[in-house]
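J.: Protein chains in written order, with our numbering: chain A, 1 to 347; chain B, 1001 to 1463.
Derived from the structure by calculation, the hints contain no laboratory data. Bear in mind the structure is a predicted one, so any value in this text is a computation, not a measurement. Treat each hint with caution, since some may be false.
What the hints assert, rightly or not - Which residues of chain B face chain A? A partial, calculated answer using Cβ under 8 Å:
#1 His1067
#2 Asp1071
#3 Pro1437
#4 Phe1445
#5 Thr1449
#6 Gln1453
#7 Pro1457
What the hints assert, rightly or not - Calculated lysine to aspartate or glutamate pairs in the DMTMM-like style (CA-CA distance at most 25 Å, straight line):
#8 Lys51/A <-> Asp293/A
#9 Lys343/A <-> Glu319/A
#10 Lys343/A <-> Asp264/A
#11 Lys335/A <-> Asp1184/B
#12 Lys51/A <-> Asp187/A
#13 Lys335/A <-> Glu1147/B
#14 Lys343/A <-> Asp293/A
#15 Lys1030/B <-> Asp15/A
#16 Lys335/A <-> Asp127/A
C-beta: ideal position from N, C-alpha, C; glycine also.
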Amino acid sequence: MTPAEPKHRDDNLMDRFDRPGLRRFRARDAIIAVAIGSVILILSAGGSIRKAGNSMRAGIGRDAVLAVGDPAGWLAGRLPVQHAAHVLTNWLSPNLDLSGFVGFTTTSSTTTAAAGSIPPVTPDAFDPGTIGAPPPARQPLHTLLVTGDSMSEPLDQDLAQLLVPDGVNVIQDPHIGTGISSTVLVDWGKLSAYQVRHDHPNAIVVFIGANDGYSMPGPGGREVNCCSVEWATIYAQRVREMMNTYRQGGAARVYWLTLPTPRDPARAKISLVVNAAIEVAAEPWRDQIRVIDTVPVFTPGNRYRDSMPINGEPTIVRESDGIHLNDAGSELAAKLVLGYVDKDFTH
Amino acid sequence: MLFPTVQFGIFFPIVLALSWALMSRPALWKPFIVAASYVFYAAASPVFCLLLAGVTLWNHGAARLIHRSPDERAKAWICRLAVAGNLLLLGVFKYYSWFAQGVAQVLHSFSLGVPLPLLTIALPVGISFFTFQAISYTVDVKRGLIEPARLIDTTVYLSFFPHLVAGPIVRAREFLPQLASPRDPSRVAVSSGLMLIGMGLVKKVVLADYLGRTVVDPVFAVPRAYHAPDVLLAAYAYTAQIYCDFSGYTDIAIGLALLMGFVFPQNFNSPYRATGFRDFWRRWHMTLSRFLRDFVYIPLGGSRGSRLMTYRNLMITMLLGGLWHGAAWTFVLWGAYNGVGLVTEHALGGRLRAPGWLRWLITFHLVVLGWVMFRAESLGVTWAFLSRLASPGSATLWTVPVLAAIVVAIGPQLLPARPVQALQDWIGRLRPIVLAPALAVLILFIGATVPSQGVPPFIYFRF
Chain A
1 MTPAEPKHRD DNLMDRFDRP GLRRFRARDA IIAVAIGSVI LILSAGGSIR
51 KAGNSMRAGI GRDAVLAVGD PAGWLAGRLP VQHAAHVLTN WLSPNLDLSG
101 FVGFTTTSST TTAAAGSIPP VTPDAFDPGT IGAPPPARQP LHTLLVTGDS
151 MSEPLDQDLA QLLVPDGVNV IQDPHIGTGI SSTVLVDWGK LSAYQVRHDH
201 PNAIVVFIGA NDGYSMPGPG GREVNCCSVE WATIYAQRVR EMMNTYRQGG
251 AARVYWLTLP TPRDPARAKI SLVVNAAIEV AAEPWRDQIR VIDTVPVFTP
301 GNRYRDSMPI NGEPTIVRES DGIHLNDAGS ELAAKLVLGY VDKDFTH
Chain B
1001 MLFPTVQFGI FFPIVLALSW ALMSRPALWK PFIVAASYVF YAAASPVFCL
1051 LLAGVTLWNH GAARLIHRSP DERAKAWICR LAVAGNLLLL GVFKYYSWFA
1101 QGVAQVLHSF SLGVPLPLLT IALPVGISFF TFQAISYTVD VKRGLIEPAR
1151 LIDTTVYLSF FPHLVAGPIV RAREFLPQLA SPRDPSRVAV SSGLMLIGMG
1201 LVKKVVLADY LGRTVVDPVF AVPRAYHAPD VLLAAYAYTA QIYCDFSGYT
1251 DIAIGLALLM GFVFPQNFNS PYRATGFRDF WRRWHMTLSR FLRDFVYIPL
1301 GGSRGSRLMT YRNLMITMLL GGLWHGAAWT FVLWGAYNGV GLVTEHALGG
1351 RLRAPGWLRW LITFHLVVLG WVMFRAESLG VTWAFLSRLA SPGSATLWTV
1401 PVLAAIVVAI GPQLLPARPV QALQDWIGRL RPIVLAPALA VLILFIGATV
1451 PSQGVPPFIY FRF
């Protein structure tokens, strides 16, 4: 893009691999080299290939990866190479060490409560505001943790921009591509415990569920597929475990956003179940857990829309993927969250 | 499908072996490589394979018509129509939401209704690259620089997976001659290809993603939470990140193509060594620079008119170059900033004498400033970021690994070219059977640095 260049000077350097000193080989060498590299990787990281396959959504791609990953994982698991490679490279891992934390309980009961074993209702189940009781005194907000999957971005940035100037420590901890129904990438049961112990937040905002819909182990280890009542029950149990961790025995407040209906009907069906499970999960602690329903705001009647009026002005609020909120939508969600936070905290 | 993923790690060895097995029979190889490339693209968005096929047919048809037409005016009109079709497609997918939202805001301020439906449209991966390549093909046929290709060759050219989603922007006259005869299986730059793949992976996964995760993303998200030292560090870190991310992708793309027997044009040439804007654009994203020069700047008149016309042409070219990167005012601002830089440099015309190191220092920091505009989510964030540079405070993000990553990313570009070249040549002469295990071990170490959520997409995938 420089003026006065000759019109078609050979500035593409297409012959740079022909210069003297560079060596050419046979195509067979290329194939052998790639094959050797592949064998080494299969032997030393076969388990990772299988894990990558398990973290993918059902489909041809997942089947193809698992067709290689399953035997590779089996083989690598029986040879010492994988273990040695893990020992040699593990120090580079940026992932949190969650080994000391308890994950989701896999034996969630999904049976109907039998007569005579009615769970007790406790005062925690009532949000004072809903029954006209005086609200508890507002506490100073020190540390706000914003977490979840990619839905929590850029909500976390918007909340930080709103609260950091007031001296609030806003921790942004998104875990892209993760879900509560899949523990392959992250076990949110463990992660939530780690976050509480590590960050000591007194308010937690959670926005997650866009990647959910994976089958989960039910009673007896049987896989339960989305989106039956049984699946919703297991999902709600996991959400409840996380809520219980985050509320820290009542010392913290949790703000859990439901999913705005996505454009894709298949995803919309999952989001409906995820949202219902969130509501059910929060029931024992309504005074500490605020479920912020985004559906009436962004997708009234569970009908997807790209745009909506904000302050009377027509505004696009969704990303082009039909799942995430865009900057304008996220800003609106942040104000919605802040409205709830301000009822419980000063800052 | 991303290059640094398990899926691609399974896909490529199979395709490479079959590609060379079929290479001597073009009638089989070409349909095979088209099928493989469409499988590669379908992994990202199956429905947009139809779009890619449509672009191919549209430009192939236009090129044929141009070639057959005896009338120069008719050729020109067909060419304009074909280019307009490509730009319309690009405009609808890339700029519609931005445009409609802007129109709605303006009209709303006058209490007028919204004339366009406010919709978001999914952006097909790589659309900016394959439409530009398609334009270059049609226009080069119109200019008589190349003959129209057979449909299968046009299809291979536009869909060839190593350059499909993020370039480099390979011109038809660079690629089509390579299809004219089967690649020579006894002259493959295997070791150079393996070296480039390794370098690209290190740049992308180790350096770019690390800097993005630890410094760039947090600071650009909430600049107000940081003081001058950290904000300054984030500006340098992004300068390193975007280079490593994009040139890393390009290295991998060129390396893969080399293993398959193809050569792509160079896309980067130590850009942070530049001693002026003009020099920078000769070194950064060179294939885009050439495209804009040949298809925007020169057709506008280039530097053939008056001084003012040259400035106008430079500004238009750079504004369009900025807008090509995305539908946002930050990219427009970045384009305008570079345009002003080029115009200023042109106006000074070498009247200002300064030592080379000072010219480099000034240019480097002007480029860093440009990247701040480029990275910020909005003009407001740009301003917030820059204003924090005047806020003294503690350095919380300055760590040895971060500084080392920045130095490793930028430093080698400042070294004398000859020893770096000599090292690359030495690696390029090593036997592939020696290099392959080394690359596998390198990938193991690189893989260990990947967080649980995987490798983030390349920055230029969004463009």
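J.: Where does the structure disagree with the numbered hints, that is, which hint numbers, in rising order?
T.: As far as the earlier hints go, 1, 2, 7, 8, 9, 10, 11, 13 are violated by this structure, in ascending order.
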